[in-house]
Amino acid sequence: MAAPSKRSSRPTPVRKAWRSLTWLGVLIVALFGINAAGVIWGDGSWTPKLALDLEGGTQIILEPSVADGESVSQEQLDQAVSIIRQRVDASGVSEAEINTQGGQNVVVAIPGELDEQTRARIESSAKLELRPVLLADAATNQSIDPSASPEPEDGAEEELESTPTAEPTDASDPAWVTPALQDQFNTFDCAAVDESGANVAPADEPLVTCDATRTIKYLLGPVEVGGEDIVDATNGMVQTQTGATTGQWAVNIVFNERGAEQFAEVSQRLFALNGQTPRDQFAFVLDGAVLSAPQMNGVITDGRPQVTGSFTQESSKALADQLKFGALPISFEVQSSDTISATLGTSQLQAGLVAGLIGLVLVVIYTLFQYRLLGTVTIASLIIAGVITYLTITILSWREGYRLSLAGIAGLIVAIGFTADSFIVYFERVRDELRDGRPLVGAVEAGWKRALRTVLSSKGMNLLAAIVLFILAVGSVRGFAFTLGLTTVIDVIVVILFTHPMLQLLAQTRFFSSGHPWSGLDPKALGAVYRGRAEFRKPVQVPATKVASSSREAQRRQTIAERKAAQVDATVGAGESKES
Amino acid sequence: MANRLTTFGNDLYTGKRSFNFIGGRRKWYTIAAVLLILSALVMVVRGFNFGIEFRGGSQFQITGVAEATQDPAAQAVEQVAPGTVARITVVGDSGVRVQTEQLEKTESEELVVALADAYGVDRSEVTSSFIGASWGADVTRQAILGLLAFLLLAGIVMALYFRTWKMSVAAILSLIGDLVLTAGVYAAVGFEVTPAAMIGILTILSYSLYDTVVVFDKIRENTAEQGEESRRTFAESVNLAVNQTLVRSINTSVVAALPVAAILFIGAGALGADTLRDISLALLIGIIVGTWSTVFIAAPLYSQLREGEPAIKRHDQRVLKERERAGVAGASTAVTAS
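Protein sequence lines, in the order shown, are assigned to chains V and L.
Numbering-wise, my numbering puts 418 at position 418 of the first sequence, and it's gapless, one number per residue.
Whatever position you read off the second sequence (first residue = 1), add 580 for my numbering.
Treat each hint with caution, since some may be false.
Unchecked claim - Here are the simulated DSS-like pairs of lysine-lysine, each with C-alpha atoms no more than 27 Å apart in a straight line:
hint, chain 1, residue 1, chain 2, residue 2
1, L, LYS901, L, LYS685
2, L, LYS901, L, LYS596
3, L, LYS893, L, LYS607
4, L, LYS893, L, LYS746
5, V, LYS449, L, LYS596
6, V, LYS449, L, LYS746
Bear in mind the hints are in silico, worked out from the structure with no lab data behind them.
Computed from a predicted structure; not experimentally measured.
Using the sequences and the accompanying hints, generate a full structural model.
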């Protein structure tokens with residue numbers, strides 16, 4: 001773009017313009033720097049990652065782990081697909097594809113490779129239960145009978161008494177520990193937790209299980225609070241009372257009213273048992289294994305417990321997501337995992353890109369035809385928007401797992417229209433001001449004030465659409481919303497930090513301010529000067545003299561127009577003569 | 581030196597030349613109504629050709645393939661079930677997965693044979709199964725929920741911004757019209773409705789509303805700034821605003837439509853990228869319809885909603901009376917299409 005050839009008597013817009021352009025430069029350099037840092041020190045890249053349809057990925061076939069003879073219903077499968085989709089979505093905007101196969105399996109196709117983290121995120125049922133601890137002991141991994149069933153009912157291997165001698169009064173009552181259960185607990189092998197994917201007991205029965213590291217075994221009372229009462233779950237660092245972080249990751253749970261009430265009851269009872277370890281402990285049980293079994297150190301009535309365990313940032317986030325979207329109705333196991341190719345041939349992508357490019361060239365030609373040299377500002381703005389979009393998408397695909405699908409690319413191409421419209425609205429407003437007889441510099445400032453309002457309100461509508469759909473929708477609609485929001489924000493940044501400053505600077509040049517015919521801002525061609533406001537009123541047939549008083553706005557313009565009109569009275573020409 | 585559209589723009593701005601968008605609203609409403617009824621009819625009669633992402637379909641898995649490429653499968657599908665859109669994926673090193681719409685039993689058996697032959701493997705290496713929809717009911721439900729929430733919020737935001745709920749009503753009604761029309765064209769053309777097409781339609785919704793807000797903002801400017809002292813009737817002010825933004829509307833829709841049209845006609849038509857055509861069709865129709873409806877439906881609708889207001893009625897009557905009193909010849913040409 002042409003640099004301003006002279007800085008004239010109006011320093012304020014010029015200085016403002018340079019300040020804006022500097023900010024834009026800083027922004028681009030910063031994005032560039034972040035990306036470069038990602039490439040050098042992280043696993044970033046200079047190109048964005050592509051989605052399933054363009055790059056392929058991994059196909060995971062999940063098989064429900066149910067006991068022999070049992071089958072899963074279509075309803076359970078659909079529910080599972082819905083929950084898995086939300087879990088996958090929560091990990092980023094990668095647009096996974098999830099469907100059922102043969103009325104039995106769930107197929108998850110994700111771009112990229114399947115890592116342990118994703119695998120756990122997808123397949124575990126994430127059924128959370130809060131149970132009080134009745135007995136705890138170091139794990140003995142030398143059980144003679146590995147088939148020892150964890151279920152207490154049919155766990156009576158011998159003739160031991162399996163019904164409580166006295167009716168337990170609450171979940172912490174030691175009366176739950178029947179001789180049969182005691183025996184099962186004594187012989188329990190922690191390996192059994194891993195073995196059967198279903199170490200479960202009915203909610204109103206005790207459960208024998210181990211902790212995540214398989215070093216402590218527990219005999220737990222019946223379920224006190226269930227995962228279905230969770231309304232939200234987030235991950236975060238554990239904080240001490242002084243607000244310092246301990247560096248330990250935890251999952252913060254928010255219960256609904258019922259859950260909070262039940263939890264308050266439990267915490268009251270367990271707090272009263274303080275000192276009678278392990279009966280003052282309660283256990284967070286996830287899919288049959290104990291995540292953590294902290295002591296109740298106070299009465300918690302707000303229904304917001306915090307679960308700790310051997311979490312990393314990723315695993316705590318995964319668990320929080322799983323808890324938030326609810327437990328799967330059935331557990332799944334990965335039956336097979338294969339790499340899959342893109343469904344769209346590379347030839348198709350190329351054809352699309354070539355077509356898009358041709359379309360862009362057409363846009364350039366049209367813009368130049370419409371706006372002459374001013375069109376180059378549009379083109380430069382589009383290029384700047386393109387650069388920022390590319391860098392942002394590349395960074396997001398590195399940090400947030402964003403992936404570009406064909407629909408996403410089409411969305412970006414349509415965004416050209418949205419983006420160019422900001423410039424068109426702006427230019428047309430400037431032209432309108434010129435038509436009213438303002439000199440260029442004033443027209444640019446006045447036109448900008450009006451255009452910015454229009455641009456912000458209409459872009460605000462786009463942003464609203466993007467945010468609402470991003471929050472509420474799932475799957476590929478979410479990816480679309482993300483792209484829409486991103487391009488909208490970038491568009492506003494470019495029009496404020498580039499297009500307007502450029503026009504401010506160009507308005508100072510002789511080429512534009514003299515209204516060169518090729519500038520696209522030729523007042524004569526725009527019908528200004530000789531026409532003025534008077535004829536603006538023509539269609540309603542009001543004499544020019546009356547118009548002056550019509551409004552403050554009109555009056556202001558009228559005087560300028562009249563003054564101009566007096567100067568160039570004779571030059572009735574160019575625009576008029578061309579009219580058909 | 582000005583090109584014709586610039587001159588045209590000048591004339592529209594000053595009002596020298598003016599299209600009577602508001603006055604001719606009966607005509608536009610009738611055209612819109614006819615188009616909407618046609619769309620609805622086509623949708624009911626022809627229905628939509630939903631892709632396998634929505635309906636589920638048949639899947640064929642070929643294993644133990646020496647050279648896993650996509651072409652033999654494409655030919656086999658074309659041979660057995662011509663015109664079927666197949667999604668062919670290479671799985672691992674030696675597997676090929678073919679997904680098609682739900683095939684008849686005989687067709688499906690034929691395709692197993694054809695696929696086995698195409699890849700030179702034993703028939704037992706080809707398994708067929710049914711796959712469920714990847715765009716399940718839950719995705720649709722959430723998308724619709726999102727859409728409704730958006731429309732509600734957009735209506736409220738617009739009402740607050742423009743300080744009148746009537747603009748919201750006009751904008752959203754014309755938006756719904758766009759949606760029906762786009763869907764109608766889809767049903768008429770019979771292109772497969774894929775997730776990409778749905779995304780295209782969502783894009784259109786936001787484009788259409790965006791376009792309406794741009795024009796409405798000019799209407800707000802014209803009607804608010806001129807206020808009580810205006811020498812124009814309300815309808816004339818609205819009409820002038822639409823005319824003044826007409827060049828913008830044309831330029832914007834051309835700039836937005838050019839790349840999309842290129843993808844549709846060159847990409848999908850000439851270069852054969854089939855998968856691009858569904859999304860680009862939705863976008864192209866939407867851009868055209870969205871621009872059209874703002875000018876011909878949303879603006880007249882808004883004017884009509886406001887004209888009945890007592891203050892505006894009084895103002896309009898005064899303007900007309902004054903005009904009569906001024907006795908200027910040809911007062912009837914207040915808003916003239918030329």
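Evaluated hints:
1. L:LYS901 with L:LYS685: Since the Cα atoms of LYS901 (chain L) and LYS685 (chain L) sit roughly 77 Å apart, the hinted pair is violated (cutoff 27 Å).
2. L:LYS901 with L:LYS596: It holds: about 22 Å lies between the C-alpha atoms, which stays within 27 Å.
3. L:LYS893 with L:LYS607: holds, 23 Å
4. L:LYS893 with L:LYS746: holds, 16 Å
5. V:LYS449 with L:LYS596: holds, 26 Å
6. V:LYS449 with L:LYS746: holds, 25 Å
Violated hints amount to a single one, hint 1; each of the other numbered hints is respected by the structure.
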